Amino acid sequence: MFKQKYLSIAVTVFLFAVMFLAGSFRYTGFFSLQVILNLLIDNAFLLIVAVGMTFVIVTGGIDLSVGSVIALTTMMSASLVQEHGWPPAVVIPLMLVIGSLFGWVMGAIIHYFKIQPFIVTLAGMFLARGLCYVISINTITIDDAFYTKMAQTKIHLPGGSFISISVIIALVVIAAGIYIAHYTRLGRNIYALGGSEQSALLMGLPVARTKIAVYTLSGFCSALAGVVFTFYMLSGYGLHAMGLELDAIASVVIGGTLLTGGVGYIFGTFFGVLIQGVIQTIISFEGTLSSWWTKIVIGLLLFLFILFQRVLSARQATQKL
Amino acid sequence: MSTVDGQEREPILQMSGIYKHFPGVKALNNVSFRLFPGEVHALMGENGAGKSTLIKVLTGVYSIDQGAVTLSGRHVAIHSPLEAQAAGISTVYQEVNLCPNLTVAENIFIGREPRRFGRILWKEMNRKAEQLLRERLQLGIDVTQPLYMYSVAIQQLVAIARALNISAKVLILDEPTSSLDRNEVEQLFKIMRKLKEDGLAILFVTHFLDQVYEISERITILRNGEFVGEYEAAQLPRIELVSKMIGKELELLGELPKAGGEGRAEAKESLIEAIGLGRKGAIEPFDLLIGKGEVVSLAGLLGSGRTEMARLFFGADRPDQGQLLLKDSPGAVHSPRQAIDAGIAFCPENRKTEGIIDDLTVRENIVLAMQATRGWMRRIPRKKQDELADQYIKALNINPPNPEHLVKNLSGGNQQKVILARWLLTQPKLLILDEPTRGIDVGAKAEIQKLVLSLARQGMSVLFVSSELEEVVRVSDRIVVLRDRKKVKEMQEDIGQQQVMQAIAGG
Amino acid sequence: MRIHKHHLFWPLAMLAALLLFNLFYSPEEFYTVQVRNGHLYGTLIDILNFGAPLILVAIGMTVVIATGGIDLSVGSIVAISGAMACLTISKGADQDALGLLAEAIALSIGIALLLGLWNGLLVSVIGIQPIIATLILMVAGRGIAQLITSGQIITVTSDRYGYIGSGSLLGLPFSIFIVVAVFAVAVLLTRRTALGLFIESVGRNPSASRLAGIRSRYVLIAVYLFCGLCAAIAGLILSSNVSSADGNNAGLWYELDAILAVVIGGTSLTGGRFYLTGTLIGALIIQTLTTTIYMIGVPPEITLVVKAFVVLVVCLIQSETFRKTLVQRWQTRRYPAEREVAKHV
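Protein chains in written order, with the working numbering: chain G, 1 to 321; chain D, 1 to 507; chain R, 1 to 345.
Keep in mind that the hints were calculated from the coordinates and are not lab data. From a predicted model like this one, the values you see are computed outputs, not experimental measurements. There's no promise every hint is true.
Stated by the list, open to error - Straight-line distance between alpha carbons at most 30 Å, and here's what the computed DSSO-like set of lysine-lysine pairs gives:
| hint | chain 1 | residue 1 | chain 2 | residue 2 |
| --- | --- | --- | --- | --- |
| 1 | D | Lys194 | D | Lys169 |
| 2 | D | Lys327 | D | Lys450 |
| 3 | D | Lys26 | G | Lys114 |
| 4 | D | Lys123 | D | Lys169 |
| 5 | G | Lys114 | D | Lys190 |
| 6 | D | Lys450 | D | Lys352 |
| 7 | D | Lys352 | D | Lys408 |
| 8 | D | Lys280 | D | Lys190 |
| 9 | G | Lys114 | D | Lys408 |
What the hints assert, rightly or not - From the derived model, a few chain G residues whose C-beta atoms are all more than 12 Å from chain R:
| hint | residue |
| --- | --- |
| 10 | Leu21 |
| 11 | Val90 |
| 12 | Gly124 |
The beta carbon of each residue, even a glycine, is placed where N, CA and C say it ideally should be.
Model the full structure from these sequences, guided by the hints.
Right under this line is the structure:
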């Protein structure tokens, strides 16, 4: 029996397939494994951020700070490695701890002071972005051996195609995200919280711990994405990853996660990111089309998916009676 | 007070001398409660009697100010729903407190999923859930579907399954039947009887008298946060149950003289008529005619459909069958706005969420409806607003008499008067009052009753909803009695509290 | 009424503190106002001039927030409006022709009203949460702005258009007069008609408002329209000030600054009572803060860090729940569920 809950995810996957096929028919050289792999290579950091964002949105919250935390991570990494000569083996774990801590604090404020996630993470966004400039207002280029190696290493796959180390990290994060979401208590509590916070509380679930954990997780993912972004850009800069929070939110929504919380799949988010990637690829293949069409198309997709969700949830409401 | 002594058995749960205060409200005042294994015990009471509070105190949602709880002979202090569950007390709430987005199996097991090395074993969980539902509740459904796919009745059973799985000593069912149809109630009762045989103690809250007598052995009645008594169901006649809930001992029910019966015209010209009006799950189709200058009351217990009927007259809810005919204006009533334009006004039961705008001033609240009918362009000039506010503050004796006071800082009775003023300003032909005197002090109550009568004398029709029979009898020309979401009787002549009570009790 | 309870007390105190700081730190630079060629020059004048677009956007945002909503798309609308006007003017033969200017202004305001209507319809008719509904236009709007400018920065050479954002009247920047006019219109519309009452009523208690006969649908559409209009005018001023339109960067982060200004001004994000004067002061605080930081020689980007703390502190001060929770947490420390579960007695 086909389950209704997979409907929106099916729509997402179908959309990706249609777009990819449309691109393949129209442009020579589009239909290749490497094009798909490039989607992963170019969007590895977005994938990682979107996993954290999915969890946050499933609880019915939002995290606007992710882009800034990425920027802050690149900045701190660059500064510590380049200007203070710290070894990457110390810097990278430190970044992950700081990112998690950042998320943890925001989560605690959201839960204990009952301030909307929107506002708290907005403050977090300002703070992280501002702290970048406290370190430096210029770009800091990294030429550390480890970072350049991570950036340039190509992992060759059979058939002549290749991926980067960042892709491996992203795929591991996706896999871990799916595991956490579906096979751990934390994951199920996150879904329960998004379904109904009051019910979760009355069922005796650890609401406070879960909610804070979600923002901590998102902070961790942002920091990890920041590390990957540092590999990708080989620099730290306060303007890195501007507006990435919007891309992440859009991916999550296009991936079929309800913005009101309770329903969503990491797997869908994965395709949500890929759809954004395909749009960009198509636009770059087209040549005459310009990059701003990406934003318009993504806005349009957002609208359609939100409308679609609205219709679905209205149908659920009537079904109950 | 006639407390029935239990058999030689020990009660599994005993609560004694429970006090619980909220700011401004004595929610529980020296309440006692006993529950024996293998029984269904009904907890009865009207709105604000303290049933919900008692349950929340018992399940650790609220703290207890004073009093003791013993479970299986041991003194316990329960601080959270989780502790209550651990102690063996589980609750199924009226508004099913599960997560509709999770699967049936998860809703039963969440928080206690079977795991190996931290990994949730879905197959085992699904198998256990299916087995539990089939064996204990005779329910064969696909447990891997999300809960929202199923009817409220099934959701209710899933909630019970969760409760059973957690602990099997005390099961609290808080109005489980209020949104179920007849067959679903039957199914639920069958399951309750079986669970009872298994030795479970069930605390059952409902508003339906028939159901109380059908399923429960023992009844505890609360009123205004006070303990009225504990009775054997078989030895408590319906009418006595109703009178104890409403708060009038039978012998005291002398026929009070009607306050304003005289001087009102006999034959009434009709104003509005409902023909076959109804809404599924709220009120069964009914006919009702309201005449000009007539006071019609809707009497019945909580949950009998009084509020639902009143709301249909105002277009606050959409009827799914029948029609509403207005004698003077041809317009239909599909929304509150249309109702207002047709000269209907409605003071809702829930003042805080549907009546007042708490952050606005008394003046702003008073002029709101009138301003709404005038539209945004034609603002009532400030001077005029002040005059109107002053006039009604005086007329209705609103205290403090300051139009610039924020309405949230007023007492309940004064808030009610503000809403009344809001509607009187629109000079309605029909005024619908849903529990206008609930939760307000005696003085204000009398004032509102007097006001209703004087309005009717001036030719305004009033549809009056109240749980207080004395009040109903005093103000109305005609009483419509509702029971279990049905209009069961219409009484015109010689209305006495006793007859009304009998009609409410039915059976 | 005690003075610190007045809704303007905290915003005014913050502004005063900022001004006081400047009095000690850089009185010369900050407070000197010179007259050159009949125009006033000085930091204070600059604050008003550069702050004008933000004030406008914040005024529109105030009424949206009062209905319990939020409009994330204002930054994009600012960009679109500026782009539209500059595009129209740049295509004209005589860039100073009055007809062309009127067409440009009408076009950009028209398109902004259309976008406002779109937001309003999504929120009121389709019933999508405001934050989500306006997110769509926030994302797509940037693209539309760039589409209009073809990704370039359109430069115009029209003195008349430039007058909107950098001209002066009676010795003061012309933009100040626009702000005063819009502010006056907003006050008149909300306080001299019943709109203000309806907005506060719908924002505070939608179901009670419905039962009182208010057609909240129209109220919601009206506020999003007005917000779009304000953003459009802000876009005109911004683009005129630099005589060019940048689809990518114009109005970037305006939505956040505007929300911040509204919150500092004392309007609650949960809707209900709103304070236009408070918003005005809030926007001035933000602009003064930016200028002050700039003047004390710290990189201007650090303003963000300060803003972050301002956001948090203001939210904490304003939320009664913050103080209440501190007290209540202590009282109910052994019953964690009591404060969470909605009470129904």
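Holds or violated: Lys26 of chain D to Lys114 of chain G, with C-alpha atoms at most 30 Å apart: Given pair Lys26 of chain D, Lys114 of chain G holds - Cα atoms ~28 Å apart, limit 30 Å.
Agreement of Lys280 of chain D and Lys190 of chain D with the hint, judged by alpha carbon distance not exceeding 30 Å: 25 Å, holds
Straight-line alpha-carbon gap Lys114 of chain G to Lys408 of chain D, limit 30 Å: 22 Å, holds
Restraint check for Lys352 of chain D with Lys408 of chain D, where alpha carbons must lie at most 30 Å apart: 9 Å, holds
Pairwise hint evaluation, Lys352 of chain D against Lys450 of chain D, where the allowed Cα distance is 30 Å at most: It holds: about 24 Å lies between the C-alpha atoms, which stays within 30 Å.
Distal placement of Val90 of chain G relative to chain R, Cβ over 12 Å: 25 Å, holds
Pair hint Lys327 of chain D and Lys450 of chain D, alpha-carbon separation not exceeding 30 Å: 27 Å, holds
Minimum Cβ-Cβ distance from Leu21 of chain G to chain R exceeds 12 Å: 24 Å, holds
Outside-interface status for Gly124 of chain G - nearest CB in chain R farther than 12 Å: At roughly 7 Å from the nearest Cβ of chain R, Gly124 of chain G sits no farther out than 12 Å, so the non-interface label is violated.
Agreement of Lys194 of chain D and Lys169 of chain D with the hint, judged by alpha carbon distance not exceeding 30 Å: 14 Å, holds
30 Å limit on alpha-carbon distance, applied to hinted pair Lys123 of chain D and Lys169 of chain D: 28 Å, holds
Restraint status (C-alpha distance of Lys114 of chain G to Lys190 of chain D at most 30 Å): 44 Å, violated
Taken one by one, the earlier hints fail for this structure at numbers 5 and 12, listed in ascending order.
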